[in-house]
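J.: Chain by chain, the residues run as shown.
Protein chains: 2
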Amino acid sequence: MTLYEAYAGELAEAIASGLFRPGDRLPSVREACRQRGISPVTVFKAYYLLEADGLIRVAPRSGYYVNPKPSDHRLPEPKPSSPKPGGIRVDTSDLVYDIHASLRQRSGVLLGSPFIDPTLFPLDRLRQSLVGAMRRLDPWSTVDDLPPGNRNLKRQILKRYLMHGTKLAESEIVLTHGAMPALHLCLAAVTKPGDAVVIESPTFYVALEALQRRSLKAIEVATDAREGIDLHRLAKVLENRRPAACWLMTNFQNPLGSLMPDRKKRDLVALLARHGVPLIEDDVYGELYQGDTAPASAKSFDRVGLVMHCTSFSKTLAPGYRVGWTAAGRFAAQVERLKLMMQLTGTIPTQAAIAAYLQDGGYEPHLRRLRRSLADQQAAMVSAVHRHFPDGTRVSLPQGGYFIWLELPKQVNAVDLFWAASAQGVSIAPGPIFSARGEFRNCIRLNTGQLWSPKVEDAVVRIGRLVARQMPRSSASTH
Amino acid sequence: MTLYEAYAGELAEAIASGLFRPGDRLPSVREACRQRGISPVTVFKAYYLLEADGLIRVAPRSGYYVNPKPSDHRLPEPKPSSPKPGGIRVDTSDLVYDIHASLRQRSGVLLGSPFIDPTLFPLDRLRQSLVGAMRRLDPWSTVDDLPPGNRNLKRQILKRYLMHGTKLAESEIVLTHGAMPALHLCLAAVTKPGDAVVIESPTFYVALEALQRRSLKAIEVATDAREGIDLHRLAKVLENRRPAACWLMTNFQNPLGSLMPDRKKRDLVALLARHGVPLIEDDVYGELYQGDTAPASAKSFDRVGLVMHCTSFSKTLAPGYRVGWTAAGRFAAQVERLKLMMQLTGTIPTQAAIAAYLQDGGYEPHLRRLRRSLADQQAAMVSAVHRHFPDGTRVSLPQGGYFIWLELPKQVNAVDLFWAASAQGVSIAPGPIFSARGEFRNCIRLNTGQLWSPKVEDAVVRIGRLVARQMPRSSASTH
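Protein sequences, first through last, are from chains B and Y. If you use this note's numbering, the first sequence corresponds to residues 29 to 507, in order. If you use this note's numbering, the second sequence corresponds to residues 29 to 507, in order.
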């Protein structure tokens, strides 16, 4: 046995025995050298061995951390939701704005944030692409691209679809100022005031706001934290009512993290095609999968042009660049026209920058790194929740994205929890903002996109304690 | 008398005698030297003298042109509009999209365009600002600025308001993706479906589309091509109906080019304050005034926070950068919240670039140059219209912006004219797109923002001929 194998074996034992616990930081290479009188190469090799075995992980610029074990997961997953049937007028609360305001304190721990840690983005490479693209920019393109947008970017986007096996025409792509306007434009293209729209329960609050603004009724359909919307119930809704559209997140749904299996997506698309109902597919998290295989989009099963696939580079590459799009099927021309009247066009320089970045081949390696980081961060946070939250908590275990959904014991009020956590410098997203009826009052969404650190772990401990404090004494026990 | 004075006198005489006519190009400096055996300095000095006398103008990278004389203006100005009273549901036509499609041919003459010639923008300086700003950008700002936007830019904007004598709070400024989303957000903040909104007649087609999308009724009020909306009629509307808002362009209205005198703006603001009706003030052309004095905004007279001043850098500096804002008075917080749900935020890199550009002091010199160019281009086109359009034509004479409005003889159908001109590679904007009822069928808007050239003059000649062709033989005479 070599020296590094011996050192790795020693550490593996310490992890197995619980001396090092999930989320703990191993000694840095320098520390290990000093403490044990061994060379850096020996430490690196040992750590590499442990990493290959899945026992530890590297956090860039932060250190080596012990991975959670699946057997550590003592809390169950959330149950599928059971929203009241029938359409209702949406009434959104101001709470969303309070949460966004709470995110503006850098010193806080932003577990209520919709964004990941910005240092996970390749900001330097992007800046180089922006500078290069501006140098090559034809003055007339600033007028030519109003309104259709950068053609090279469209080409790069079409290439990515093709890599995933989906062949689309350039005319189907409408470039927008991020995914959010794409979603709004698609909704405007297929609905008129008074129509009903199917949404998940819980759902992304922007969908609720959009429905309210356009005087649309919401039909909430039961949704499972693992596999997404319930197709049997959706089929019933389609038979009994005539919704103008469905607005769904097929991959790593916000807030549940649910991933609709690909065969279920195929069934969904076939079901909607039978009823002639358009699907607004919000797929902004689809690239952030764990493991080796990209999940499909519902769009990839669309044969009749009813699926409007909306996404962006905001979650994966550059939130501030505001570059998104929709592949809007048979509605593309109408969406393009609405865009002309609502926002004229996207931003030319940042579109050109992202087109150049994609063309230079930087995106795939970046995505691979990002996916690994997010998977590690999620594992660490899930493990911390299992250790620090009281019995009666349920927690989702998404296969991608950067949100986990917690169903807390019935007695817990998530809005009270939000304010109590805010007072301690920790933000969370309370359940009621994800519901047309203000339901999910004992649920919260946590962001796992922040770099894992003792400070973040401490924030999880604090929330766990605040939850326990809201429960009757007898039932508040943690392991 | 020096040599250059003699040469200048000779040319002045040739202009007075009609040998050189308005819009004609003088010999280039090189040509004059060769033809007359004089030195370049002599020619430059002579041309400078003529320019100082207002007889000729310099078009950058194009040459020296003879200015029109006011006495050349034989056609009268348009009469104030007289729209039907009462509110109506808006029904916009697809024609707007046909026009935009016609603008995508670079080889054409884009007199139907809403944009100026892109070479009039300081693209190199802006690029330098963008590169510099990106170098200094804090990674966290990409998250911090979502959604409020770049604080330095807000500061620069507040400074500009202050220079114009208007003191605003930072909290009143909402940065948006160009002026268009600002207008839509302001409208959404103060109206609900079924409400009535006062607009000018004719009006910018985006206002019509916005009203239609939100199921709002339009109340069109008579508007004069010189001084804007008729305040007496507006007062009647305010007394008899309860409009939820007014949406007006106070400075260089699109399409008329009208400029509301500052005292009239003060009266307008006072009138609306008495009735508690908010004003959505679209002021995207306000910086493009002729002469020495900037026109005020209605906002500058606002004491109660009812005016939402919407504008951008898209008409004056960088259309593709998509940086606009509203100073939204008492509605600012609400508009900011709507923005969060509709578009999240503006584009961070281009906001930072424009902030840097403003801070470096480049904007004022650029604006001075741009105003001079636009004034010269307008003079040349107005002169050409007077020379090449048949009797019975009326043409506006705006004091800024880059549109002129033509009321053609009654028999002329502007939509037919649009298609006929398109077939000859010339685009124009026909009147009906500016009306909720499809009126102004004998009117067109021409863009004077293209660099003046024989090709542009030829386009004016062609349109004039097409107009004459639509008239009965007896009445179609030009000078």
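Worth flagging that the hints you see were computed from the coordinates, not collected in a lab. Please note: incorrect hints may appear among the correct ones.
No copy labels: a pair is met if it fits in one copy or bridges any two.
Said to hold, decoys possible - Mimicking SDA-like on lysine to any residue, the simulated pairs with C-alpha atoms at most 25 Å apart in a straight line are:
(1) LYS245 with LEU366
(2) LYS220 with LYS245
(3) LYS220 with LEU123
(4) LYS483 with ASP166
J.: None of the hints should be skipped; say for each whether it holds.
T.: Hint check results:
1. For a Cα distance limit of 25 Å, the shortest separation of LYS245 from LEU366 qualifies both inside one copy, at 22 Å, and across copies, at 19 Å.
2. For the identical chains of this complex, LYS220 and LYS245 are neighbours both inside a copy (11 Å) and across copies (16 Å), given an alpha-carbon limit of 25 Å.
3. Taking the shortest Cα distances, LYS220 and LEU123 sit within 25 Å of each other only across copies (22 Å), while inside one copy they are farther apart (27 Å).
4. In this homomeric assembly, LYS483 and ASP166 come within 25 Å of each other (Cα to Cα) only across copies, at 22 Å, whereas the closest approach inside a single copy is 48 Å.
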